[in-house]
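Residue numbers (this note's numbering), protein chains in the order written: chain A, 226 to 477; chain C, 226 to 477.
These are computed hints drawn from the structure, not numbers from a lab. Since the structure is predicted, the reported quantities are computational estimates derived from the model, not experimental observations. Some clues are possibly wrong.
Any copy will do: because identical chains look the same in the list, a pair fits if it lies in one copy or spans two.
Here are the computed lysine to any residue pairs in the SDA-like style, where the Cα-Cα straight-line distance is at most 25 Å [said to hold, decoys possible]: (1) Lys229 x Gln301; (2) Lys382 x Val311; (3) Lys369 x Asn336; (4) Lys408 x Glu354; (5) Lys269 x Glu434.
Number of protein chains: 2
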Amino acid sequence: MLSKNKIKFLNSLQNKKYRKQHQCFIAEGIKIVEELLHSSLICKEIYATAEWKENHPEIGKNYTEISEKELKAISQLQTPNQVLAVFKIPALSSWKSASKNELILALDKINDPGNLGTIMRIADWFGIEHVICSPESVDAFNPKTVQATMGAIARIKVHYTAFTVLLEWANEKNIQVYGTYLKGKDIFKENLQKPAVIVMGSESHGISEELEKLIPNRLTIPSYPPGIITSESLNISTATAIVCAEFRRQTW
Amino acid sequence: MLSKNKIKFLNSLQNKKYRKQHQCFIAEGIKIVEELLHSSLICKEIYATAEWKENHPEIGKNYTEISEKELKAISQLQTPNQVLAVFKIPALSSWKSASKNELILALDKINDPGNLGTIMRIADWFGIEHVICSPESVDAFNPKTVQATMGAIARIKVHYTAFTVLLEWANEKNIQVYGTYLKGKDIFKENLQKPAVIVMGSESHGISEELEKLIPNRLTIPSYPPGIITSESLNISTATAIVCAEFRRQTW
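Using the sequences and the accompanying hints, generate a full structural model.
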């Protein structure tokens with residue numbers, strides 16, 4: 226049985242303020258919970274239906290059995306899926322510890338939680354460990370983000386920091402800084418280098434103007450046929466996927 | 226003022242059956258409606274608030290003014306955005322008319338409407354005019370798909386046909402057939418050819434087994450570092466973006 230207070234607590238974790246206060250976040254559904262249980266994340270609480278428990282005997286007594294109705298009361302999914310778990314938000318070392326031979330993804334004012342999650346999944350695929358968001362961006366432990374990562378939340382480190390600080394650091398350390406623009410050099414024809422910071426702008430506003438002088442390399446994903454732009458732009462996660470793939474292709 | 230019957234009609238267009246019966250579909254929000262009004266699509270009805278009308282004097286009297294409350298009653302958006310319009314579903318010529326020098330995208334059992342819309346936007350960016358879905362896939366005129374296309378719905382032709390027919394046709398016409406698999410040849414190291422049909426499998430089930438013998442070229446997007454797979458897979462629209470970009474890079 227779930228107490229009213231427990232339901233209130235779990236629902237409060239939808240909110241960044243309470244996630245920060247309690248230093249924990251929620252993951253839902255068979256697939257993601259299973260992946261996170263096998264990760265380095267620390268699980269604090271599991272709420273599951275009898276059906277889930279049957280398929281996870283290894284859990285022993287470390288869980289709270291709830292009814293479908295109770296699951297509905299704490300779930301944010303349209304179709305609740307057997308299990309909801311609370312994990313500890315892991316401690317983060319500084320992004321400055323990012324290996325010097327690596328790629329760092331920097332997201333300027335990303336505000337859609339699903340897009341951030343999809344981008345974390347892309348970073349995970351391409352072995353990009355550090356994603357840095359500008360301070361006004363959506364929280365990486367937002368439940369919609371967690372769901373969209375499909376488990377990558379356990380591996381990708383998301384930092385929040387002012388981009389002027391990040392880009393000045395990169396310039397000082399001789400780390401290449403690239404930004405994606407609607408008008409830039411054809412990414413497929415450039416000779417891409419790593420280590421690098423790759424800045425992706427927001428879908429509606431692009432990269433903040435005040436950062437332009439800190440971004441020496443302006444890249445574009447060319448549309449086809451050449452010279453004819455039909456769609457206004459690519460979705461931010463689509464563009465990030467193409468850019469990361471091209472960096473990996475060239476700098477394997 | 227909207228009659229009850231009109232509200233019922235507009236809401237019925239959320240449903241594929243009624244879209245087919247009336248041969249029309251709905252688009253919502255300032256941006257997409259504006260783009261579609263400037264396209265070759267035929268607009269049948271516009272329902273807009275006074276605010277929208279003020280910014281679109283060129284519309285004249287060809288619209289129905291509605292209140293915010295009425296808009297809410299017909300809108301499927303979480304935040305209704307001034308305007309909802311009904312467009313005619315355009316007639317489709319056969320996919321066999323696809324230019325012989327081109328790329329054709331084939332989506333096997335795609336079921337998420339947002340993913341289909343995002344993929345149509347990607348196809349639009351890369352000048353891929355024809356997208357072919359297997360018959361059990363989601364409808365391209367689903368309102369969520371239309372919204373996700375960001376206007377590409379006006380240009381991309383989406384066909385529904387059995388993949389055995391499509392792939393046998395391609396093999397007969399000496400059009401290359403590629404499929405994406407978790408285990409295949411590194412797409413970045415293959416010498417990609419066009420004309421080509423590129424088959425993308427569904428996120429959860431991949432490409433249907435019965436199609437395998439019709440797909441001679443099996444491609445993979447390599448993960449990094451080499452040999453270590455962390456994320457289970459990429460999202461279907463993410464993978465499609467990377468594959469289309471690589472085809473365009475190589476076969477410009």
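If you check each hint against the structure, which ones fail?
The structure breaks only hint 5.
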